[in-house]
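Student: Chains as they are written, first to last, in the numbering used here: chain A, 17 to 333; chain B, 0 to 323.
Hints listed in this document are in silico derivations from the structure and should not be mistaken for laboratory results.
Values in this document were obtained by computation on a predicted structure and should not be read as measured data.
Just so you know, not all the hints are guaranteed correct.
As the list claims (entries may be wrong) - Within a straight-line C-alpha distance of at most 20 angstroms, the following computed DMTMM-like cross-link-like pairs (lysine to aspartate or glutamate) qualify:
1) B:243 / B:221
2) A:311 / A:300
3) A:145 / B:180
4) B:252 / B:282
5) B:19 / A:148
6) A:284 / A:303
7) B:51 / A:150
8) B:264 / B:186
9) A:19 / A:207
10) B:159 / B:180
11) B:51 / A:325
12) B:225 / B:312
13) A:145 / B:164
14) B:159 / B:16
15) A:103 / A:325
16) A:145 / B:321
17) B:159 / B:186
18) A:145 / A:270
19) A:242 / B:50
20) B:202 / B:28
21) A:38 / A:303
As the list claims (entries may be wrong) - Computed beta-carbon distance windows for the label pairs:
22) A:307 / B:265: 24 to 34 angstroms
23) A:321 / B:244: 53 to 63 angstroms
24) A:331 / B:302: 56 to 66 angstroms
25) B:43 / A:229: 17 to 27 angstroms
26) A:271 / B:265: 22 to 32 angstroms
27) A:321 / B:278: 25 to 35 angstroms
28) A:211 / B:185: 43 to 53 angstroms
29) A:70 / B:14: 28 to 38 angstroms
30) A:232 / B:127: 24 to 34 angstroms
31) A:199 / B:184: 54 to 64 angstroms
32) A:199 / B:33: 50 to 60 angstroms
33) A:276 / B:20: 35 to 45 angstroms
34) B:297 / A:199: 26 to 36 angstroms
35) A:232 / B:185: 49 to 59 angstroms
The beta-carbon is built from N, C-alpha and C at its ideal position, and this holds for glycine as well.
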Amino acid sequence: MEKEKLAKIYQRMLEIRCFEEKVYDLYGQNLVPGTIHLYAGQEAVAAGVCANLRRDDYITSTHRGHGHCIAKGAKLERIMAEILGKKTGYCKGKGGSMHIADFSVGMLGATAVVGAGIPIATGAGLSIKLRETDQVVACFFGEGASNQGTFHEGINMASIWALPVLFVCENNLYAMGTRQSRVMAIENVADRAVAYGIPGRVVDGNDVLAVYEVAHKAVERARKGKGPTLIECKTYRHKGHSRFDPAAYRSKEEVEEWLTRDPISRFKARLLEMNVLTEQRAREIEESVTADVEKAVQFALESPYPEPEEALEDLYV
Amino acid sequence: MRKITYRDALREALREEMAKDNNIFIIGEDVGRYWKGAFKVTKGLAEEFGDKRVRDTPISESAIVGVAAGAAITGMRPVAEIMFGDLSTLAMDQIANQAAKLRYMFGGQTSVPMVIRMPFGAGVNIAAHHSQSLEAWFMHTPGLKIAMPSTPYDAKGLLKTAIRDDNPVMFFEHKLLYPIEGPVPEEEYTVPFGVADVKRDGKDVTLVATLYMVHKALAAAERLTKQGVDLEVIDPRTLIPLDKKTLINSVKKTGRVVIVTEDCKTGGASAEIAAIVAEEALDYLDAPIKRVAEPDTPIPFSPPLEQFVLPDEERIIKAVKEIM
């Protein structure tokens, strides 16, 4: 991969991390209504997959979706404004943290019903096939969603019709407080691919280059009309499920062990080793990302709330 | 004017619209060349437009609707078929939380131009899982439109409007209506949403009825005419949007209203219509609002049991007489 592209992926991951840290702070200052589900810790998945996508490719997302939006190229300030419930947000304040969409970059939106985005992604795949373009869809969901009926129905349909969809399972080990081993008799969600006759790949979801490589092959396969792939990225969320979850169901040792595999510090070390980055360049990127996120926060804070009556708009065409 | 069946009228609407717009496709269980739809509505369409545009699916109602929604937000205009209205329960999240809400939730960035067709209604002895009328559930979900044609003419005209609409439209047909014949012009026409059809002018009582009940209401009106009661029969044709104006104007004229629907009485479509009349025309009423509906049971199997729970002419006549 070109140096520029590698640096760009690193920047995207940092953007997500820095953005999520800001959201966490703003929440603490009572500036974020509702709740938040942070993506920190899982950056390599969104960044690694989306680095393979074109602007006209699609993604679908979940309640933990800020990272997907950023990775697909949505604007930080409009994401932040939506999270704060402002009129300038992507959904004019109607969606919030769990429902951000940016159709202009192919981000088809986040649905907060676990697993519900899977058939929608399959539908976008069918649309591509019927329109005879070479776009692809990346459908993000967690391991918890793989226990929903929509997982079975949606992937089966994508498989029988050879639709261009990457089903990207972000296995962060916990569905809210329920550890995977308590609700699944198998270790790998990707093993379920066998049931649909499609490739199933397990990848270290905290290694962005590994994610990139696996997604690259799946995108190639999809663009050639050969059908979907189920990719399971083993990863870990740094924070609890939502803002007020102290995550007491996870042991301190487990959390610390995963923190040593933080996807961003790992990637940075790798880039320094590969001479893609110097300490100086890394610092510049960090500073520029921090400034961009700060600008997004200012934009969001200064933006007006929607007029109350706007609640009645945007229902029907 | 030529007469064709309700089933053929629906098929004509699908065929004409599909011929005009390549983005329209049909998706559902056994809608293709092998079975041609459980009620044969899609007969011949796979042969004419290809299996690509008339897609047989696995038995996966949730994915049928979800896939249609995903295709709709990316440029297509799917017409999904759920084999029986009762099975919409399996697709409820995709209908009520996804298709209905995507546009609103995303601040108007997208539209969801799709139709979900399904047969409703009892009267053919297929019991509790194949006979329900569930329109009230969907009336309670903002973002959806609801069409319920009672004649071949309306079936064709409303389905064309539904397919051209940029919003998700729930299109409810009635099993007993598929074989009925009625006049349908050969030339192009559509029936707009939100415009009720006054099936019969009258001055004494307003009868509001939907889907198959329109025919029961008209038959009851015929019999009551002979007894000197002059009924006005109104078919709203679409519940969302609802033509309140025609309804209220009729009630203002007659001062009496009986609402006839095949769904359960409690929280049913008739409850909403009654509430609108009470809110907007109470001062014009000369008698209490009456409702004739299913008495809050599942639909039973055995013919005498099923007939007992279904609204019929006798019950409509009784309700009218109670307020005369």
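Student: Tell me the numbers of any earlier hints that the structure contravenes, in ascending order.
Tutor: 1, 3, 8, 9, 11, 13, 16, 18, 20, 22, 23, 24, 25, 26, 30, 32 and 33
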